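Peer 1: With chain W held as given, fit chain U onto it using these hints.
Each chain, written out:
Number of protein chains: 2
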Amino acid sequence: MKISLPSGKIISGSPDTSILESLKNEGIYLTSSCGGKGTCGKCKIIIRSGSVNTRSAIKLTQEEIKKGYTLACQTFPEGDVLIEIPKESMLTLEGRIATGKSKDLQALLRSTGAGIEPLTERIVLQLPHPSLNDNISDLERLKRELFSKGLGCLRVPFRFLTDLAKTVRKKDWEVTLCIIHTEDCNEITNIFPDNKKTPRYGIAVDIGTTTLVVYLIDLADGSLVDIASTYNSQIRFGDDVITRIVYATEHNGLKNLNKAVITDINIFLSLLKKTHHVDFDSIDQFVIAGNTTMTHLFLGLDPSAIREEPYIPTANSFPLAFAGELGLKINPNTPVYAFPCVASYVGGDIVSGVLAARLHKKQELSLFMDIGTNGEIVLGNSEWLVAAACSAGPCFEGSGIKHGMRATEGAIEDVRINRETLEPEIKIIGDTAPMGICGSGMIDVVAEMFLTGILNQKGKLQQEVSKRIREGEDGLEFVVYSQDDRDIVLTEPDIENIIRAKAAIYAGFSILLKEVGYTFDDIHKVYIAGGFGKFLDIEKAVILGMLPDISREKFEYMGNTSITGAYLCAISRKMREEAEEIARKMTYLELSVSRSFMDEYVSALFIPHTNIDAFSSVKKLMKK
Amino acid sequence: MKISLPSGKIISGSPDTSILESLKNEGIYLTSSCGGKGTCGKCKIIIRSGSVNTRSAIKLTQEEIKKGYTLACQTFPEGDVLIEIPKESMLTLEGRIATGKSKDLQALLRSTGAGIEPLTERIVLQLPHPSLNDNISDLERLKRELFSKGLGCLRVPFRFLTDLAKTVRKKDWEVTLCIIHTEDCNEITNIFPDNKKTPRYGIAVDIGTTTLVVYLIDLADGSLVDIASTYNSQIRFGDDVITRIVYATEHNGLKNLNKAVITDINIFLSLLKKTHHVDFDSIDQFVIAGNTTMTHLFLGLDPSAIREEPYIPTANSFPLAFAGELGLKINPNTPVYAFPCVASYVGGDIVSGVLAARLHKKQELSLFMDIGTNGEIVLGNSEWLVAAACSAGPCFEGSGIKHGMRATEGAIEDVRINRETLEPEIKIIGDTAPMGICGSGMIDVVAEMFLTGILNQKGKLQQEVSKRIREGEDGLEFVVYSQDDRDIVLTEPDIENIIRAKAAIYAGFSILLKEVGYTFDDIHKVYIAGGFGKFLDIEKAVILGMLPDISREKFEYMGNTSITGAYLCAISRKMREEAEEIARKMTYLELSVSRSFMDEYVSALFIPHTNIDAFSSVKKLMKK
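Just so you know, the protein sequences line up as chains W and U, in that order.
Residue numbers for the first sequence follow numbering that gives the first Met the number 0, beginning at 0 and rising by one.
Residue numbers for the second sequence follow numbering that gives the first Met the number 0, beginning at 0 and rising by one.
Derived by calculation from the structure, the hints in this document are not laboratory data.
Just to be clear, a hint being listed does not mean it is correct.
Because identical chains cannot be distinguished in the list, a pair is counted as satisfied if it fits within a single copy or across any two copies.
[Said to hold, decoys possible] Simulated crosslink set (DMTMM-like; lysine to aspartate or glutamate; CA at most 25 Å straight-line):
(1) 258 / 324
(2) 459 / 491
(3) 86 / 424
(4) 165 / 308
(5) 36 / 472
(6) 573 / 139
(7) 328 / 162
(8) 584 / 144
(9) 584 / 139
(10) 142 / 183
(11) 165 / 249
All values derive from a computational prediction rather than experimental measurement.
Only chain W is shown next, with the shape it has when bound in the complex:
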């Protein structure tokens, strides 16, 4: 049976294959955060004609169902169908963000003093033609030429011999070597006929528990060619790292988890290739940063022991792998560098974040916090670094929030509630209708609702205060934005999730300081990382009680620092050395064994906090 699209494209479908799957098989990728379980409600399509069998529509409103909306993952064709894919359901690259971000990143790179010096170097050689008087073998000819140019010795792994005879002869004895300097020698990582000095690209990937971000970098100048991000489709096997490890262990699901993340990345690689006409042979670098479990799952390493006392990963520092060994669909010889981890619960994403925030270079005491699916906190300076992990959950990345979404086009990222009318005023990422609400928007709206009395200190909606509060499918909900086909709301369960997350962060923050004998006042700077959106309103985060009530100038919002660090390492060997040094230097503190952590957490389950005196500026505001 046929599935037709308005563009005229026709793909084949079957009653046993969901439309999501059929589209995927044809290279049409929809956004989805639950991996096809029907629970995230993101892969919406519209059935224009034809008959389908729908397994679940639990995430759709009556309004939507009436209009022909259905979830592609839950819908199976019963005959030929004509479907329409709404813009917000399409998985796309995020080209528009690139230009601005690119400048910031290049500036950051310059500020570190590192040049553009990737791990892999390209050397073009014109070999002298062989003759009866110069009849050494192809391999010796290559080695001799490199040596005679003063470039040192050459180590050639066996696999490069297979095509060597053809390669050197293909373009009249001109070849391009990709090499890595190891110890005193050069090791070949690739060899191509002809002069292939340029272009050269690097790929940096942040593998979050909830979201994946991919950067395509031009290694000529370190500029960002494009960005892509999506949900980590491992989500279908569990929301957090523990559930995924359990799945990997008890269900022998390591292969499925590994395949899920590799497939996600391969989808983006193929989109990047198609969009920018990137030859996969020109990708010289592949760098990933992720927490310890994500790094293990990406590399196909058994994570079981991470979960059980005494919490042991297979490795914290990983030997270089090659794309082919990992199933990445680029040139199989491209080296893949995984950021070093510190311990089972402080991973490469944090090392990468510290690298990006430059914490390890500051004289004064600074604090770095990464609010992802976990919440990790690092305290330290150029002398020492201490890290801890608290379990914040994925809500600020849009997961577990009814209309939550990543900070991409269409996300409400900024909300102000008019003090007179109590009507919300919103800002949306991109020039588009709102599709959902991202982390910074959530913090804004909760803080604003609290300040305007729409929400009380316990996180309960006050129905009598606003006519925007209504009874929804999940209990009371606040209508943030009203539109024709779908309102955007924040429900009471959403708000509870947000409060739990902010409480875990604040409690971790307090306990880590206490453990090392410092107070909030000793901190010179607080670097905040996480996928909240382009701007995190610090003021609102303090009102919510996520951040401590200290001088606002001390805070700096950095966005996704894990991908920024990965970017730096893809470009510079110096940055990679710094990353290794950060990982070696960082000490891990286990918060869960601290008795006072649970006390602190429970105290923080209020807005802003049970101990309102710790939030004097908020106290003042509340009095107003």
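Peer 2: Relative to chain W, chain U alone:
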């Protein structure tokens, strides 16, 4: 349809699959030198009942056909059949040879001053159990333990991470590392749970153009566990290296050639495993010696440029490969060492032979000759080595000779013709009925026939002299041995082949000496290698005119030196260093550009030679 064997074993057959192929699929391997083309006549079976379709019986006598003999490669079942496999058709290990040979080899090893010190070392570590106070990763634990034992640093290629967590935990944190010392570090080549210090085996393989020899070596004491040899089944794509290169190039047949030799070796590996209960994880070394083309084909390297001026191989010195990369069915991480080659036509088998003959350690001028499918000659001493190649052809290895066979059980290796009765007296390898005639037997019988007047100087049979001469299918033939089901004969075309081969060898011999300005008298010792049999009768080889008529004490017959050198390298790192040194030191001389080579060759097409004065002792004998 079913193919039954007298043992009661039943295998499945099909009208499209030759019985040879069906047997092979079930792990029953028949001997064959043409690789299933029906031209060598070696894979004989007897059809006891049932109907078959026979494509060719060209290699069978009428007598044999009457008795139900057929060639397994040319026979396709038409229904259920009962077959019998004669002993001489079975491919088997050669266990009986091992004991004697083993002592010789161990003595040779001792005489070199090298100890048993394989490339790969095994280290058993008992790792301390992890705890909350000692929670470094598995990889760091391994590295720390090795370092703390004073064994230096450890490099772990990425592929070993995948199962590391399971491996270290499987036997209560006891592990065995297989490591190679490279530069200042140890590189893991394998890791096993438990104490696997012993047993350890090495595999040495001589890949000849015509024959393959495999040794299984116990690395505890260097003793030979077993030997296997067979024809190189690449023969079906051509008899000599040039034809095979053409096939690889013009027919894109590199994969077929590679697969043929890898399959041959895998068959033996599985026979060795079954017979000696060898765990493939206990094989630490795999060493191959072969000529440059055979080495390329084994490694899957394109040999095209070897054939075309200026005759360039991909490599003469090969980086270590791993069994898995090559399709060898042992532990995929076992390192595979290929002997270095010198030039396109002087390969690793010659380097290996010189290593075994210790030519590179002699003060006096010596000559080394290896009479395989090519004939290679090396002249030199501890100061210098010069090598040349002549094309002798594969007849002394049994190929192209009607009843020729390798020097294995059942081969006639020694023939004397009674001066009175003119009846031959034969010696056979092993306690068995004769099945064919090997190289040393051929030399004997031709020399004896010549001395007794059965054969003239031009190599023509003199029918009036012996009643054992008869008209056969290929012209006149001499019945060496008469038996019930099959006589063993030497035909006039066989004799022509033998004379051409000996002429090429003698001519090469003469020209190389001439080129470097020496004569036969300057030579202190002549080492002769080749698969002739256990003993080569030097006297007979001089009479034939293959060897020069110089003092017989100067000659030493060494057998297959290529496999002996491979044996040495499988056991000792020192031997491997010597092999590399030999390859570096050896200079190659191109005989084919020497104008006098063809003249010398034509002069040598007589028994013993056109210039009878160069063979004074033979001249004397002839006068008798």
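Peer 1: Would you pick out the hints that fail for this structure and give their numbers low to high?
Peer 2: Hints that this structure does not satisfy do not exist here, as all of them hold.
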